[in-house]
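> Chains as they are written, first to last, in this note's numbering: chain A, 3 to 471; chain B, 3 to 471.
If you're looking for bench data, these hints aren't it; they were derived computationally from the structure.
Please note: incorrect hints may appear among the correct ones.
[Claimed, not checked] The following label-pair restraints were derived from C-beta to C-beta distances:
| no. | chain 1 | residue 1 | chain 2 | residue 2 | range |
| --- | --- | --- | --- | --- | --- |
| 1 | B | G157 | A | G394 | 45 to 55 Å |
| 2 | A | N68 | B | A129 | 33 to 43 Å |
| 3 | B | G47 | A | S244 | 29 to 39 Å |
| 4 | A | A192 | B | G47 | 53 to 63 Å |
| 5 | A | E194 | B | R181 | 56 to 66 Å |
| 6 | A | R385 | B | A268 | 29 to 39 Å |
| 7 | A | L391 | B | K82 | 54 to 64 Å |
These figures come from a predicted structure and were not determined experimentally.
Glycine residues also receive a C-beta, built at the ideal position from the N, C-alpha and C atoms.
There are 2 protein chains.
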Amino acid sequence: MRAVVLAAGEGSRMNGARSGEHKALRKILGISIIERGILAMRDAGVHHFTVVVGYAGDKVRDALGNGSSLGVSIEYVENKDWRRGNGTSVYAARNTVGNDEFIVAMADHWYEPEIAKLLTANSSGGAISKLCVDLDIDSPLRSDDATRVRVIADGSIVQVGKNLSDFSAVDCGLFLFNRDIFGALQKGFASEEYELGAAANRLASTGRLEMVDVEGLLWEDIDTEDELKAASRKLRRSLPGSDDGLISQYLNRRLSVPISMIAIRARLTPNFVSLLALLLAVFSGFSFAFGNIIAGAIAAQMASIVDGSDGEVARARFMSSKRGGLVDSVLDRVADGFILGGAGYHVLTNSPESWELAIVLMALAIAPMSMILKDRFQLATGRKWQSELDDGASRVLLATRDGRLFVLFLGGLLNLLAPALAFVAITGMLLLVWRLVLAWVQMTPIPGPSETPGAVPSLSQSGAEAGGD
Amino acid sequence: MRAVVLAAGEGSRMNGARSGEHKALRKILGISIIERGILAMRDAGVHHFTVVVGYAGDKVRDALGNGSSLGVSIEYVENKDWRRGNGTSVYAARNTVGNDEFIVAMADHWYEPEIAKLLTANSSGGAISKLCVDLDIDSPLRSDDATRVRVIADGSIVQVGKNLSDFSAVDCGLFLFNRDIFGALQKGFASEEYELGAAANRLASTGRLEMVDVEGLLWEDIDTEDELKAASRKLRRSLPGSDDGLISQYLNRRLSVPISMIAIRARLTPNFVSLLALLLAVFSGFSFAFGNIIAGAIAAQMASIVDGSDGEVARARFMSSKRGGLVDSVLDRVADGFILGGAGYHVLTNSPESWELAIVLMALAIAPMSMILKDRFQLATGRKWQSELDDGASRVLLATRDGRLFVLFLGGLLNLLAPALAFVAITGMLLLVWRLVLAWVQMTPIPGPSETPGAVPSLSQSGAEAGGD
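Can you make the complete structure from the sequences, with help from the hints?
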């Protein structure tokens, strides 16, 4: 799929516009608005781009080059008519898009990468055009000059325009078009309508435009300095992952996001941040083992917090990778081993009681279980286990990694490491049983055509293996 | 998809045939040949069956009923002409198969369930007919009266017949047909050719038949008592999973298969066998902890062996289920925790050295790592980590579960539990590093259209999460 990025306009309400700067080249956390859009589309599977330039076109070309530094290919089309309206820019790209459907994106919109994924996932294969819309029309910043959209119940868009009084959504600036749009544009040009919105309205009025609801995902149409700041805040808000335990959600994320900001400004890679978290854990483990409990406790909690940053840095810098994620998740277990092992070593050095020995060994054995069950659940069902959704009341056990390390942090500060490890062992077991039961119930096989439901084992043998690991 | 099962013939070379028994109802490990075929196809996604009966048809109907006990629906067609040839049986089913492609299977063939999956996976959507063939034509039992097949390099079948002198494969008795087969049968009937092979030969001679190579998977055309025994042996051979460590492959499987045979005859469920393995592990852990090292060692190794049986029982009894596999894999970790924890408890009870404390904690922390990495690799890449293929030389470390428990078994017998745990800890770490490096290399991103390969992070963010587990 190809995307046409409309970067010809002037953006006269931004600082610096008058001095020949291009607003889409303004940076948010080190990456320009237009680059963020291109990278988001790349991560949604789009690798070929047409960038339509006009005002300050040379600056755009200089900044993006042929796209290779972004991992995409870019060709440029110059639109000398850009002052007439952005419809002329789409039309100028008509010879670059072939006969397949293509994306049209505004260069000056910031949006969460998931919005681009949502759009491509909602492709009709070119049968009908699509427009990303936000059904939250009360947001103060965007209400004044947003393009308004009227949607009916089945998701069809029936009207598009700046001045609609009866509207149910606003346009997020991301379209999927087939070649119908060029006909609609030509008709508009004939009656001196040069805005893309007018052409989209033509498609809408003939039943050829459907919405893609962005469902609360964040985006911003950046026309002013205030909106640039709003986009930056929204990007920050969008960084934390969604699969958090309670401690992570309410404590660690407040600290990991500022740490991520520092790491992003220092241009640290996510892998470097992962390594940093591991080093903190190693330091914590040895501190515990050598009797420096306070240092061990603080380092354990810091490791837990910094562990949230690598994913945030990866998302902000478009440096997420599967193998980075894999190494991170495995190093987290190694880090856990150091911290729990160090704490256990401390508890067991001075002629421990039998119960202390038992709980240390239990805590170490049980700690990885909750993650193993989640992984196995996803492998078996294809669905990710989501703590907030699936764990329900068991989240108060604090038995996931964030809670476990927080309990050790408190236990270390209060010189109560043995009870802290007992807590880890017991809540870990409770969570394991809880998750096993939940997973078992959720995985009840769907009966086949048989009249005796329940007698039908499911298809796959995956997982029912043994002998190696 | 529907399957037509040809069960009309007499099978006159089997014992009991003359007394009105039906050979496809003969049992292998408690399940009849025809049921095994139907269950294999069910697990390949086929839920509707037409069983064509003739000789001893009532016995077949009584045995299979409406299929609900097998989790499928069965309708019956009677073919009074069955003595003429099995082509008449396929023809008799013509009003039950609709216009979609359908499977034709011989009721008296046993085959590994993977063959049925291979056939459905190779569907052309009805464009061309397919025939499962075995390119190993030298197997002694099948050479005499097998239907021979001549295949050319692109996989097209050019000739089918009992008496071909120039042939490259033999027919396994599983077809995917579109309605072309009925025309081919009618043409044959006109010249008094009533065998399905003759009709298949007509399709082949006009370029409408392709092979599906069964690639070393096991099957047997059961015409005699000897072939029934051969099928039983092959089923036994097919039970062990393919993903084994060295100890499992060369030692445990020799013992788990006989145990599985007993469990199958006793009609034990796979989940019951999983539970048995867990109980052995719990017994082992407590034996170690209470100082009965020999009992602990033997129970640990028995747990390891029985752990191989649950999957075998599940496969033999068509009782594999995703949630059974999930619970089994999690219980394996719990079992590991008991055994390693018990052994560690023993080592640490009598004023241990610092190094003993360190290695016990390390062994417990590192033990689950190799499996976690495998799971994460599969989640990230969609490909299962295969010990034999991927681990290479590192298999001699004996650092997977089978090896680990075997080392503890030996360590217990020789009263060297501390060195055994040291071995587990050190080889576990080596394997983890080895697998991390291998996974990292294997997951090198494939460059996009960019001219600077290596600069392109891959698409997914999965895994680069943190904060919960």
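> With reference to the structure, classify each hint as holding or not holding.
Going down the list of hints, with the structure as the test:
| no. | hint | result |
| --- | --- | --- |
| 1 | B:G157 <-> A:G394: 45 to 55 Å | holds, 52 Å |
| 2 | A:N68 <-> B:A129: 33 to 43 Å | holds, 42 Å |
| 3 | B:G47 <-> A:S244: 29 to 39 Å | holds, 33 Å |
| 4 | A:A192 <-> B:G47: 53 to 63 Å | holds, 55 Å |
| 5 | A:E194 <-> B:R181: 56 to 66 Å | holds, 60 Å |
| 6 | A:R385 <-> B:A268: 29 to 39 Å | holds, 36 Å |
| 7 | A:L391 <-> B:K82: 54 to 64 Å | holds, 59 Å |
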